[in-house]
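J.: Chains as they are written, first to last, in the working numbering: chain A, -18 to 468; chain B, -18 to 468.
In case anyone wonders, no lab produced these hints; they're calculated from the structure. Do not take every clue at face value.
Copies of one chain are not kept apart here, so a pair can be met inside one copy or by any two copies together.
What the hints assert, rightly or not - Each computed DSS-like pair below joins lysine-lysine, with the alpha-carbon atoms no more than 27 Å apart: (1) Lys120 - Lys132; (2) Lys262 - Lys160; (3) Lys160 - Lys3; (4) Lys99 - Lys368; (5) Lys132 - Lys368.
Number of protein chains: 2
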Amino acid sequence: MKNPSKTVAHRPGARAIYDTLKGQIASGVFRSGGQLPSSRTLATELGVSRTTVTVAYEQLLAEGFIEVQQGSRPRVALSRISDGPRDKAPRPSRPLPLAAFGERIRKLPAWPYYSAPKLVADFRYGSLSSEDFPTSVWKRAMNSAMQQQPKLLAYQDPRGSHRLRLALQAYLWRARTLKCDVEQIIVVSGSQQGLDLCARLILDAGHRFVIEDPCYVMARRIFSCTGATPVPIPVDADGLRTELLADVDARLAYVTPSHQFPSGGVLSISRRHELLEWARKRNAFVIEDDYDSEYRYDIRPVPPLYGLESHANVIYLGTISKTLSPTLRIGYLVVPTELQEVFASAKQLTDRHSPVIEQEALASLIEEGAYDRHVRRARRLNGDRRKTLLNALQHTFANRITIEGADAGLHVVVWLDELPRSLESTLIETARSAGVGVHSVTPHYESSRTAQNKVGLVMGYSALSPRQIERGVRILADAVHRVRRER
Amino acid sequence: MKNPSKTVAHRPGARAIYDTLKGQIASGVFRSGGQLPSSRTLATELGVSRTTVTVAYEQLLAEGFIEVQQGSRPRVALSRISDGPRDKAPRPSRPLPLAAFGERIRKLPAWPYYSAPKLVADFRYGSLSSEDFPTSVWKRAMNSAMQQQPKLLAYQDPRGSHRLRLALQAYLWRARTLKCDVEQIIVVSGSQQGLDLCARLILDAGHRFVIEDPCYVMARRIFSCTGATPVPIPVDADGLRTELLADVDARLAYVTPSHQFPSGGVLSISRRHELLEWARKRNAFVIEDDYDSEYRYDIRPVPPLYGLESHANVIYLGTISKTLSPTLRIGYLVVPTELQEVFASAKQLTDRHSPVIEQEALASLIEEGAYDRHVRRARRLNGDRRKTLLNALQHTFANRITIEGADAGLHVVVWLDELPRSLESTLIETARSAGVGVHSVTPHYESSRTAQNKVGLVMGYSALSPRQIERGVRILADAVHRVRRER
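Start from the sequences, fold in the hints, and give me the full structure.
T.: Shown next, in the form of structure tokens:
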């Protein structure tokens, strides 16, 4: 056996260690009172003698940066902790070599994510209350999944856990009358990843895609970032106005037929058939985002587009973000047979597969019926929240508002009939400073011209207690009153 | 308040329910002896009367498809369960409307993932033994994270948990002398997603990228799928032969400087500087994949490229797939300040953010020192495995093999000096039928011409017990003997 060659490598000296640690302490890398590694550990990690580290530590001690107590690891001196922002490196002036996709993303305005403001009530759409979450059931399932880890920790099937896909297959049938093969199901990291895979696999720069107007912005964005051009088609109370599709040539149409996002219509049966007929004629794919179909109140369920016709070009997209939690990042695609392989390969290339333990836990919840029970409970709880919100709005605003999309889902759109849209941002700011978060429907429209000329709010209620909802509506009403008085 | 409109929707009749259930039973949707939903549950889900469901169930019972016992949910009759494959829908002859990315993916040969063969020993690279996994520590951290869920279950910072990024910032410094801002760290779903984000943000069709030859195939694939052209640069025992870069114009160079994958060299200091100098001159990005830097044996640590020069265009990529488990899907990027925002937006657009609970659990492991302890333990265990493998190879093959890359990492490359490459697949098949999985180095080369004309094997050892390693090497030696005799 020939000997492997040895590599001579760079080792930091005591001075370099001192400099780096001092910089890190000054810039707040170590949290208040945080411990530094022991000199032995650091010496091993850096491949230097323990003496070298000790010299550096002694210098830091002498200068008051750290405190050392006999027998324990050095701590950062509390007086030296900085929580402030650090100096940023100056931006170099060279052109940033980005791809077209990168350039398109760079030009997008930031899309907010939740950042825990201290509000009486935040009607932001998309959040759930952790009080609804089946914590003990989930913990039990997670612990059981962690205990049952196989002997080999190895990369898995990119399509996801076979057990979960079997469970989803049965669930999709009983909950949505959707029939499919296990092989057609691809577990994704939330529906956003499902949309991204569709975008990348189907759309190129120069292509066109049909999008609802108003629409789910994160879908429009990911499709647009391929360089394809959106063809916005207006919606009404029956969903996408398919009669406007006739002359549209596009590769893909993205729809939310169970509960149009955000305006809330349910796509009528005749329009469903028209949409599928259009897709067949144009050889286009329809992406059916069934994001909140578990929540319907006074209406009967509508079967999904998927399966309405046997050879339809439908890609179905489901998620547990609205039933369990958006933080778990689990969604699933049901793709046409002919796309199974390319979707599986794309998932493997983009992130190998989704994390394993949650998939097994979710599979066991579905198998045992605990998921269905949870969905029924969540539907009841959100039905109560919805009723509270509708009652509070009725009681407070009477005929001065129009409500859309209350039949299903976890949000309604509220049009303040007496406030012109020019007052929207004033109202939102006024409400926020009084402790209530409300969010405009305007950014969901392709252009402000297509929206109505009055203030429209997307009001999500699934994260709020009935009491918060009632207080929130009262505060909103006060804000409306103030804005009207001051206009 | 104006009333929301009611939608009249389609409801399946008893016949449709019967047909669907029968089809699902015949095709194996329900597992052996599996329970069907109760008639009450199914009626609620489908929005039909319980009688309608009962009629369908009674027909299925009469025809022997299901069995019903008083008081419990109907079960599929065991005799009716089919585990075989189902009829596939015939592939339509229409052209599949895929994007260029989709077409490129469709043309790729499948990349295997692990599928649990029953072998005495599988030297597949990339798997870990779950016996090394700190199960109880991890479970405790996961349970604590699940218990501490915030009141709101809402979308999070796309860059990942702030607590985890703080912990990683400190870890990167003490383990890798890498200094960065928390804002430069983006938590990704495994290093593959990190590579994908780099590919999409930086490369377009027509661009060129530098890749090591041989290389990590999943990196080459994701870069190539952008339509960019690989510029393969050979490696030797000191890593990438940077002297060959001089005339290369490219947008991006992908390197594995700590332990070249798969050949195992450590990029020398002078070549590190040459690579960075090339990147600066060409305004190109260097992606430093530090996938297994935790594992080094008789050599001193080499500091990462990142930080060698203050304005270097380096994107650093780390992972816990080689320390904890590849099934957790957690990796992290450290990106230049000027790229922070575009990477954060891209992560948000592609999957919102990575799952939350694991991130919090990992953060607590790092904060408490449990991660560092685990890494030291894993290093010791894998050091023992490595020694066992090298001893077994030495004992069995003596001077008839050359070993590369044994200084670091979790695999070695073994060249069987006396076997020409034409016998490679025969050897691999012979070994496999004798119970040992070995894997060729050839697919990692840009073309078979650049590989040596002898059999080369990538031998990973991190998933195997010392006993398995010893038995595996003996069986491999027998296989080599047989193949030589029969040639």
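J.: If a hint holds in the structure, say so; if it doesn't, say that too.
T.: Outcome of the hint check:
1. For a Cα distance limit of 27 Å, the shortest separation of Lys120 from Lys132 qualifies both inside one copy, at 22 Å, and across copies, at 17 Å.
2. Proximity of Lys262 to Lys160 under the C-alpha cut-off of 27 Å is restricted to the intra-copy arrangement: shortest distance 24 Å within a copy versus 57 Å between copies.
3. For the identical chains of this complex, Lys160 and Lys3 are inter-copy neighbours only, at 12 Å across copies versus 62 Å inside a copy, given an alpha-carbon limit of 27 Å.
4. For a Cα distance limit of 27 Å, the shortest separation of Lys99 from Lys368 inside one copy, 25 Å, qualifies, whereas the shortest one across copies, 57 Å, does not.
5. For the homomeric pair Lys132 and Lys368, the shortest alpha-carbon distance between copies (22 Å) is at most 27 Å, but the shortest distance inside one copy (50 Å) is not.
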